[in-house]
Every structure is written in structure tokens, then in C-alpha cells.
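J.: Sequences and hints are given; from them, build the entire structure.
Listed below are the residues making up each chain.
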Amino acid sequence: MYNFEFSKPSTVADAVAALASEDAQALGGGQTLLPTMKQRLAQPETLVSLTGIDELKGVCQGDNGAVVVGGATTHATVAADAAALYPALAALASHIGDPQVRNRGTIGGSLANNDPAACYPAAALGSGATITTNKRDIAADDYFQGMFTTALEEGEIITSVSFPVPEAANYQKFVQPASRFAMVGIFVAKYSDGVRVAVTGASEDGVYRWSEAEAALSSNFSASALSDLSVSSDGMITDLHATAAYRAHLVKVMTGRAVAAAS
Amino acid sequence: MPKDSGIGASNKRREDIRFLTGTGNYTDDINLNGQAYAHIVRSDMAHGTINSIDVSAAEAIDGVVKVFTAADFEGVGGIPCGWQVTDRHGQPMQEPKHPILAEGKVRHVGDPICVIVAETAELARDAADALNIDITELPAVIDMKDALADGATKVHDDLTNNLCYDWGFGSEDLDAVQNAFDTAHHVTTLELKNNRLVANPMEPRVAVGDYARHSDESTLYTTSQNPHVIRLLMGAFVLGIPEHKLRVVAPDVGGGFGAKIYHYAEEAIVTFAAKALGRPVKWTSSRSEAFVSDAHGRDHVTKIELAMDKEGKFLAVRTDTHANMGAYLSTFAPSIPTWLHGTLMAGNYTTPLIHVNVKAVFTNTTPVDAYRGAGRPEATFQLERVIDKAAREMGMDPVEIRRKNFITEFPYATPVAVEYDTGDYHATMDALLAKSDHAGFEARAAQSKANGKLRGFGIAHYIEACGIAPSALVGQLGARAGLYESATVRVNATGGLVVMTGSHSHGQGHETSFAQVVAEMIGIDESMVEIVHGDTANTPMGMGTYGSRSLAVGGSALVRATEKIINKAKKVAAHLMEAAEGDIELKDGQFTVAGTDKSVAWGDVTLAAYVPHNYPLEEIEPGLEETAFYDPANFTYPSGAYGCEVEVDPETGKVTVLGFTAADDFGNVVNPMIVEGQVHGGLAQGIGQALLENCAYDENGQLISASYMDYAMPRADDLPNFTVDHSSVTPCTHNPLGVKGCGEAGAIGSPPALVNAVIDALQRGGHDVAHIDMPLTPGRVWAAMNG
Ligand SMILES: Cc1cc2nc3c(=O)[nH]c(=O)nc-3n(C[C@H](O)[C@H](O)[C@H](O)COP(=O)(O)OP(=O)(O)OC[C@H]3O[C@@H](n4cnc5c(N)ncnc54)[C@H](O)[C@@H]3O)c2cc1C
Numbered sequence: 001m002y003n004f005e006f007s008k009p010s011t012v013a014d015a016v017a018a019l020a021s022e023d024a025q026a027l028g029g030g031q032t033l034l035p036t037m038k039q040r041l042a043q044p045e046t047l048v049s050l051t052g053i054d055e056l057k058g059v060c061q062g063d064n065g066a067v068v069v070g071g072a073t074t075h076a077t078v079a080a081d082a083a084a085l086y087p088a089l090a091a092l093a094s095h096i097g098d099p100q101v102r103n104r105g106t107i108g109g110s111l112a113n114n115d116p117a118a119c120y121p122a123a124a125l126g127s128g129a130t131i132t133t134n135k136r137d138i139a140a141d142d143y144f145q146g147m148f149t150t151a152l153e154e155g156e157i158i159t160s161v162s163f164p165v166p167e168a169a170n171y172q173k174f175v176q177p178a179s180r181f182a183m184v185g186i187f188v189a190k191y192s193d194g195v196r197v198a199v200t201g202a203s204e205d206g207v208y209r210w211s212e213a214e215a216a217l218s219s220n221f222s223a224s225a226l227s228d229l230s231v232s233s234d235g236m237i238t239d240l241h242a243t244a245a246y247r248a249h250l251v252k253v254m255t256g257r258a259v260a261a262a263s
Numbered sequence: 001m002p003k004d005s006g007i008g009a010s011n012k013r014r015e016d017i018r019f020l021t022g023t024g025n026y027t028d029d030i031n032l033n034g035q036a037y038a039h040i041v042r043s044d045m046a047h048g049t050i051n052s053i054d055v056s057a058a059e060a061i062d063g064v065v066k067v068f069t070a071a072d073f074e075g076v077g078g079i080p081c082g083w084q085v086t087d088r089h090g091q092p093m094q095e096p097k098h099p100i101l102a103e104g105k106v107r108h109v110g111d112p113i114c115v116i117v118a119e120t121a122e123l124a125r126d127a128a129d130a131l132n133i134d135i136t137e138l139p140a141v142i143d144m145k146d147a148l149a150d151g152a153t154k155v156h157d158d159l160t161n162n163l164c165y166d167w168g169f170g171s172e173d174l175d176a177v178q179n180a181f182d183t184a185h186h187v188t189t190l191e192l193k194n195n196r197l198v199a200n201p202m203e204p205r206v207a208v209g210d211y212a213r214h215s216d217e218s219t220l221y222t223t224s225q226n227p228h229v230i231r232l233l234m235g236a237f238v239l240g241i242p243e244h245k246l247r248v249v250a251p252d253v254g255g256g257f258g259a260k261i262y263h264y265a266e267e268a269i270v271t272f273a274a275k276a277l278g279r280p281v282k283w284t285s286s287r288s289e290a291f292v293s294d295a296h297g298r299d300h301v302t303k304i305e306l307a308m309d310k311e312g313k314f315l316a317v318r319t320d321t322h323a324n325m326g327a328y329l330s331t332f333a334p335s336i337p338t339w340l341h342g343t344l345m346a347g348n349y350t351t352p353l354i355h356v357n358v359k360a361v362f363t364n365t366t367p368v369d370a371y372r373g374a375g376r377p378e379a380t381f382q383l384e385r386v387i388d389k390a391a392r393e394m395g396m397d398p399v400e401i402r403r404k405n406f407i408t409e410f411p412y413a414t415p416v417a418v419e420y421d422t423g424d425y426h427a428t429m430d431a432l433l434a435k436s437d438h439a440g441f442e443a444r445a446a447q448s449k450a451n452g453k454l455r456g457f458g459i460a461h462y463i464e465a466c467g468i469a470p471s472a473l474v475g476q477l478g479a480r481a482g483l484y485e486s487a488t489v490r491v492n493a494t495g496g497l498v499v500m501t502g503s504h505s506h507g508q509g510h511e512t513s514f515a516q517v518v519a520e521m522i523g524i525d526e527s528m529v530e531i532v533h534g535d536t537a538n539t540p541m542g543m544g545t546y547g548s549r550s551l552a553v554g555g556s557a558l559v560r561a562t563e564k565i566i567n568k569a570k571k572v573a574a575h576l577m578e579a580a581e582g583d584i585e586l587k588d589g590q591f592t593v594a595g596t597d598k599s600v601a602w603g604d605v606t607l608a609a610y611v612p613h614n615y616p617l618e619e620i621e622p623g624l625e626e627t628a629f630y631d632p633a634n635f636t637y638p639s640g641a642y643g644c645e646v647e648v649d650p651e652t653g654k655v656t657v658l659g660f661t662a663a664d665d666f667g668n669v670v671n672p673m674i675v676e677g678q679v680h681g682g683l684a685q686g687i688g689q690a691l692l693e694n695c696a697y698d699e700n701g702q703l704i705s706a707s708y709m710d711y712a713m714p715r716a717d718d719l720p721n722f723t724v725d726h727s728s729v730t731p732c733t734h735n736p737l738g739v740k741g742c743g744e745a746g747a748i749g750s751p752p753a754l755v756n757a758v759i760d761a762l763q764r765g766g767h768d769v770a771h772i773d774m775p776l777t778p779g780r781v782w783a784a785m786n787g
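Sequence lines, in order, name chains A and B. Residues in the first sequence are numbered from 1 upward in steps of one, following this note's numbering. Residues in the second sequence are numbered from 1 upward in steps of one, following this note's numbering.
Treat the hints loosely; a few may be bogus.
[To be verified] Straight-line distance between alpha carbons at most 30 Å, and here's what the computed DSS-like set of lysine-lysine pairs gives:
1. Lys-38/A to Lys-57/A
2. Lys-38/A to Lys-66/B
3. Lys-252/A to Lys-449/B
4. Lys-105/B to Lys-38/A
5. Lys-453/B to Lys-252/A
6. Lys-66/B to Lys-190/A
Keep in mind that the hints were calculated from the coordinates and are not lab data.
T.: Okay, structure coming up:
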């Protein structure tokens, strides 16, 4: 790790100001950024920690009924505090990494990073969430732009994420055996106006919506509705752990399981 | 009644107090006055020509002490190989130079190029950015078959080709072997890979070099399983330091699994640099460095054939293996696929004709050497897999086919040069079937089926050769070392004992179990016995710990030295009680004269030995200290039956291990709890190999599983509860404790049991799958099922 300056502001405004300086970078829980720095693959001049900003932390229910999670809220807090409000979201958070990761890592860091195998992107896209930054509201459908790529601009901070609460939802994570990130993760959410299916871990383009499944499930919310669908392996990830064909297969199997388990 | 002390007692491990309270003394805990820090700059290419190295900018950085390159090591030797294998034509293996730092060429990712020594570890690492190293990348050979192809790129220009040796072994009469295959009722053939592994001890390697100008003595603190071996190899072959001027200390070591047996470049680097710079130098491996610089394990590609008569009697076995050596020969690398593998190809069976062929191959990969089991897992895996396949092809029960071929009379001389002294394979098989509720399996399988899952049961029976090894024998086979062990027992005046052993404990619990042996022999409390190991300055020359040898060989030395102590103490006791030496008995720490009520206590005798006012000085010397060296007469042959029960999810191919039963015959057991723990650890690593671990290179020689993000270590929730049984006991016939060794068994017997179980599950589910290469990842199982 190279040396860096460290600041820990207590307001969003101060954080934004600090991030305006050359080569400054936001620090959430550090669960992605610090290992990258230790490997000397990232070299920020200044780290601006967001975890001292109270307004960025916590889970609450908004006026419209949506569950709103502060941008610097840890996975452990979401797992505990969203359990009654949005059980599928809380369950997803409770299976990210290990206790150390869950008590440091934050939702803002996860969504900003947009790892193609991360869990939260599936929840955000699958719930049609709104990602709120210090500048604007971004619909999840516009936010994810390919692996490790998002709509965020330089220095922009995720302040909160608002999840409309579905009638039924479930996240199925088929783990990559080494990292235990998602080799394929499926988030299914049933809303009154239709079903959303978000797929993580599988595609070279990062998290995406499986629209055929959404259509089929919107008219018949049962695993059998998927039986005639097939998933192409084109554009799926092939790596040490799984081939594109296997990932494509898992997308269908795990979607069926998510539907069956949705509650 | 289980015993509560001495041999047979499940004592809690005394060393765990310091390990569990964070007060262990590991090499990285050693920090010496004025210490500088070494950072090793390693090749990120698998193969390349070094055109130039410009260190001037790096050396100019404030706080950088010196940058060493190969040129600085011109006067020193390369890293020696400890075993010379002779090929099928009687020629010695091809043995390339293994320089401390890359000379002219880099040959694998991780090959060390430069050493930066600086005031802090961070500075040393930062300074690497200022180095100017110009390397022209060359094509790399990664696959062993490619490496042997005509015109293949050579890993070493000065060798004829990439073949280290072509070795043939076993039944002399090859016509008889061929005839057995030609006339057999059935031949089962299996091609398989034994996957390459990274040992991954919890503690990465560390080395601290120190030099005392006043005494001209060098000291190396290192994470080693065998400090004396390092002293000999590094002192005599690399740095030219006589052993009396070189001290090697291996303090608490956080796991070895084989990877810490070998002499590594970093040990020579810090020792050399400490003298050159006149200050201590420390190197601590990062986990990323460990992946590319610790010796890897396994990596065999094998074809095995088994010929049978119509009853399923084994007539002949023939194998053909390619064994990856990596880019250089690590200390014991050549012996693993040969003498630790070929000699085990009889397994537990009476197969009369066995022919083993091994080609050892250089590739542009990290060197490969022994990893828990070393050669024996590779032998067991192929044999137990082909037997399982044969049973299926012959329509026989996998238990039945094994029983039909079990060796039942001992001693038994195999066609592959070893003689099993004792064993009872039916007993271990019986224990396995009972403990695993094998009889209830069909009902459990039906239950799984009802739940949409495929359940399978897999069996493997293993033999291993432990208690390594008779020196004269291994000398004939090419070992450049003896494989005895040593112990010095020093009795203090007040009766306490310090036992200095040449064995080394890095997780095995010697401090507890060795004390149990000595305390039992004398009849004193274990707290009076201290076990000292790991420092060449205060232990007798020993060969260290690997090959499940510590209790069988080191323990035997301990017994011999303690016997000498007791014999001398009896002389003193006889003098004190004015009795004949032959009438003295020692029990519970009291010397008595047989048939009388005369007695003196252990402490009276030890005091007399050091305060010899009333002492037979004309017959014996004062003091009470004895050393014994023990050279084993034979290997020991632990064996066992392993059973694995799995469930396969047919939709995803995911394997869940539901149960694992290990029924071992380790001979006599000193501490059942420690033995069970050793088996647990071995099973975890064996199941890890079978299900998860995969050290993989891409075609350019980049390690693609170079961190825990991609290299899957077994975790607690990957493993079932283990059932471990060692009720079958056939004591070793040739060592004083009757012990055989238990450290590697778990890792040897479990991979074939697991793979057999998965194949069984798939076959029961109607999938005609004969084999899947390890690790049995969900993707591979699914692909096999969907053919
Ligand atoms: C061992 C391990 C296992 C893991 N397993 C999983 C898993 O199973 N599933 C999973 O999804 N993830 C997993 N993760 C990743 C984990 O969830 C991380 O916490 C997360 O990806 C990053 O969050 P962070 O708060 O630690 O961000 P940091 O590492 O601090 O930052 C990551 C990036 O986000 C930026 N950033 C941080 N906060 C904000 C913000 N509020 N607004 C804008 N930008 C911001 C940073 O500048 C940086 O670029 C694992 C991580 C580890 C170490």
C-alpha cells in the first residue's frame, strides 16, 4: 500500500468538498478498496471516509413505503434492520462475505463498485431501486452500465438507496467456491405491476434483467412458467470456476428456485 | 477405562495454551536490533531472458540499503536437490542449476530476480518501482505433454530437453506383465489427473538472518519443518558456512504440510545479506508471494490399467504417469513420483505383477514437491479409482472386490520393493462398514431420491509407507541424506527432564505426546518433562518432521535415549540401596529392590547423579544425560478404510459431503485426541483437493488461482462431521512403541473415497459417468452429467 492522506468528514457537504481534490477517493467499508490498495492497484492521494457521516447511515421506511438505506450503511445493519421491512433484501445482505466484511462493507461501496459478481446490484436492479446521490436520483435501470461501470460521476456520493417493497421476493445465490461471491445470483421480486428478475455473476456485462423470465413470471408467478425458456450462453462469463454454458444453465435453475422460495 | 496420563491418554495439548492465547513465538515475531527488511522482486513472466537490471535509481532512494542481484551471489552455490533419481537406463536424472536469484533467465512466475534491502518493509517494496529490469518474454511450456514434444521450448537451455527422468519400476519381467494384460478376463483402464495444489499453511514463510561478527557465527530463523536439514543444505552446499558457525532456528511454525521442508532461496538470501550488510535482515512472505514461491504439490497425469481374472482377482497393474517438477528441482521433488509413489502401487492387494512408469517433466511453473502424503495420495487415488471402476465393469460390489484381493498374511513382500510388516485390512473395512452404517445406506439413498437428490457412497482403502526411512535403503534409492532421528534426554538434578528432539512440531503436538511417552516410561508426572525442538544449537542433529515420521522414528529415538537414562539410573539406585543392579525395578518413579521393601525415589537418584557424594564413580560418570539416534529398520505401514457419503444436486451438479468415516490402523496410539485431530486435518485437506482446490495456470504460465478469491480452501461448512475410528490396531513390529504414523492418512485416503462416492451417486441416478477430474466443482459434475 502506498501512503495516502485520510479525512473523515461528518457531513455530506464536507465529504463532497474533500472529494473535489486531486486523486481523492471515497472510502466506505474498505472491503474492496483497501485490498486493491494493498496490491498497489489503486493509489489515491486522499481517502475520504464516509462512515463518520450519520446522515448516510441507517435503514428506514420512506413516505411511499419504500425501504431507504443510507449509502454508508453496513451489510450487517441492513441484515438486521431491514429484516422486518424487506426480508429478501435483509437475507441477501446477511449472506455477503463473512461477519468482518458485513460489519465493514457498505451498500454504497458495493453499488459504486458494481462488481459483476456482487449481490447488492441484483437487489437494486431487481427491486427497481432508486440510487440517490449528492446530486440526483438515478433509476437502477439507468445506473448499472456494465461490469465495474456505473452512472456515477467523479466524486459523486451515493447517499441513499430506496427499494420499493415487493409483494414477494427472493435472492438465490449460487456461490463461487473460493470467493463465495455469486457465481450466479438471481433476485426475483413480484410487484403489483409485474415481476422483475435481476441476474448477477453471470454476464460479461454485469448485472442485467432477464426480460423473458419477467414476462413469463408476470403472467404466471411459478417456477413452471420458466420451463419453455432457455438462456443463451452468449456473453456469459467463462472462468476457472464455471463455463458460460454452466452459468447460463444456472441462471434458469436459480431463477426457478427464487420464484419457488419467494415470500 | 481411558487412561488419564501417559501413553494412551487424550491429554489436552500443552502447546495450545500459547497458540490460543496469542503468545506463540513465530518467526515473524522475531525482530532483532538494527534489523533491515528484504523485499524480493519476482518475475511476473513465466519465461524470459533478462537483458539488464539497473538498480541504481532504487539504491539511490533514501533508506534503501542495498539491492542484490544474481551477480552478488556468484560465489555461492545453487539450491541443492536432496535426491537423485536414476532413470530406467541407469542414468542420473537431468539436474539443472537452481540459482538463488535468476541468472540470465526467469523460468516461472515468482522466480526471484532481485532483493531490495531497506530500513522498512514498506520502503523496500516501494523501491521496487524504481528498478529498471528489462526482460524479453519467451514462449513458456506449461502443459507436460507439450513440454515433452519435439522442438518444445526448453526450460533449461543446458539440458537436453524438458525430461528430468524417465523411470520404470516394478516387476522385472515385462513380458509377464504384458502377458497378464493380454490374457486377462478383463482390463479396466482409467486416465486421470491428480490436481496441483498450493499447501497454504496458515503462517506464510518468514526468514530472518543474523550475523555475529565477534564469533563469526550466522543465525537463520526460519519457518522450517527441519532446521538441521536447512543448516546442512544451506551451510554446506549454498553459502559454504561450516555447521559449527551456523545456527538454524525454527521456532513456532504455523503449519507446514510439506511446503516448509525444503530449503528455499529466501533463507540463503537473508543469511547472506545479514553478513554482507552487518545487520539482521528479515523477509516475510505475503500471501500472494506464497502462492507463487512455496513449492506446490501433486500435479500428476496418469493412465492406469488393471488386469483381472473372471473372479475379479487382480493379475497385474500398469501405470504411466507424467509428474510435473516445475521449473527447478525442489529439495525432495524427484523422490515423490518415484520412491514415494511407485512403491505404494500394490496398495492393500495381492496383485502379483506391477509395472510403474514415470516421466518427470520440467515446465515454466513453480516447483512441485511433497505435500501432505507426497506420492502416496497419488498412488492411492489412481489405484482406488481404477478398482472402483473395475468393480462396476465387472458387476461386483466395491467392498467385495477389495476384500477378494486383500493381503492377509504378513510380512508381505510386494512386487514394488517394500515389505509390509503387519496389517489387518478386513478389520479396518469391517470398522468402516459398521461406523458408517453402510447397511443403512440404501434407505438413505431412497430418501435422497424422494427429495430429488442423488446419494452415493464411496470407499477407498489405503496403504502408506511412513516412518521415513531406513537410511541405507533410501541411500541406495538416491537420497542424499540419512533419515534417522535423534533425541537427547537431559535429567536435571531435581528430577525434571528436558528432552531435545530432532523432530519438529508445527501442529503435531509433540510437546504433549512426546512428554507422555517419557513420563510413562519413568513413571513420573508429565509436567516434569519439557520437550525442546527447533533449534540446531540445542538439539542433536535430526532430520525433522514429514512423512508421518515423528513418533515412529523420533519417538523411537526418544525411547532409546530414555532407556539409556533408566539403565544408568538403575545403577545409581542399586548403589544407593546397596543392591544388585539386576534386582532394581522402576515403577511410578520409585526404584525398588525386587522382593524387598527398599526403595529410593526418582529424585533421590537424579540428585545423586549430580551431587555424587555417595556414587559409584569408579563404574559410571556423574550426570544423567543420554543421546540416542534411531534409524528405522523398515517403513511403517498405516492403512485404513475410508467411506464418504455424498449427495449430488442433479440440477446444479453441486456435491454435498454428508458424512465421512475414517477407520485407520495406526498401530499403537499415544494420544488418541491428537491422532483424531491429525486425521481431521488430513480429511479436510483431502476433501479440499477432491472438491475445491485447484492450482491452475493459463497457457502463458500465469497462475490464475493466485489468491483466495480463486483458490478455494475448504471451510468448516464444506465439511461434514467426521467419524474417526482407530480401534483396529496391528502394532508396528519393528519400532519400540509399535506406532505407525497418522499425519498424512486423512489426505491420502479421502480423495478417492469422495470421487468414488460422487461417481456412485451419478451412476445410481442413471448417468453413465466413469470419471471426473478433481476438483469436483459443480460445473464439472454438471458437465459430466450432461455429457
Ligand atoms: C472476503 C470478502 C467477501 C466478500 N463477499 C461478497 C459477497 O458475497 N457479495 C458481495 O456482494 N460482496 C462481497 N464482498 C464485497 C463487499 O460487499 C464490499 O463491502 C463491497 O463490495 C464494497 O463496499 P465497501 O463499503 O467496503 O466499499 P469500499 O471498498 O470502501 O469502496 C469501494 C468503491 O466504492 C467507492 N465508494 C464507497 N462508498 C461510496 C459511496 N457511498 N458513494 C460512492 N462511492 C463509494 C469507493 O471509492 C471505491 O471505489 C466481499 C468482500 C470481501 C473482502
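J.: Hint by hint, note whether the structure agrees.
T.: Hints versus structure:
For a cut-off of 30 Å, the pair hint linking Lys-38/A to Lys-57/A stands: about 27 Å separates their Cα positions. At most 30 Å may separate the alpha-carbon atoms for a hinted pair to count; Lys-38/A and Lys-66/B meet this at roughly 24 Å. Taking the CA atoms of Lys-252/A and Lys-449/B, the gap is about 22 Å. The hint holds against a cut of 30 Å. This hinted pair checks out: Lys-105/B and Lys-38/A have alpha carbons roughly 29 Å apart, not beyond 30 Å.
Straight-line distance between C-alpha atoms of Lys-453/B and Lys-252/A comes to about 18 Å, which keeps the hinted pair within the 30 Å bound. Between the alpha carbons of Lys-66/B and Lys-190/A the distance comes to roughly 65 Å, so the proposed pair goes past 30 Å and is violated.
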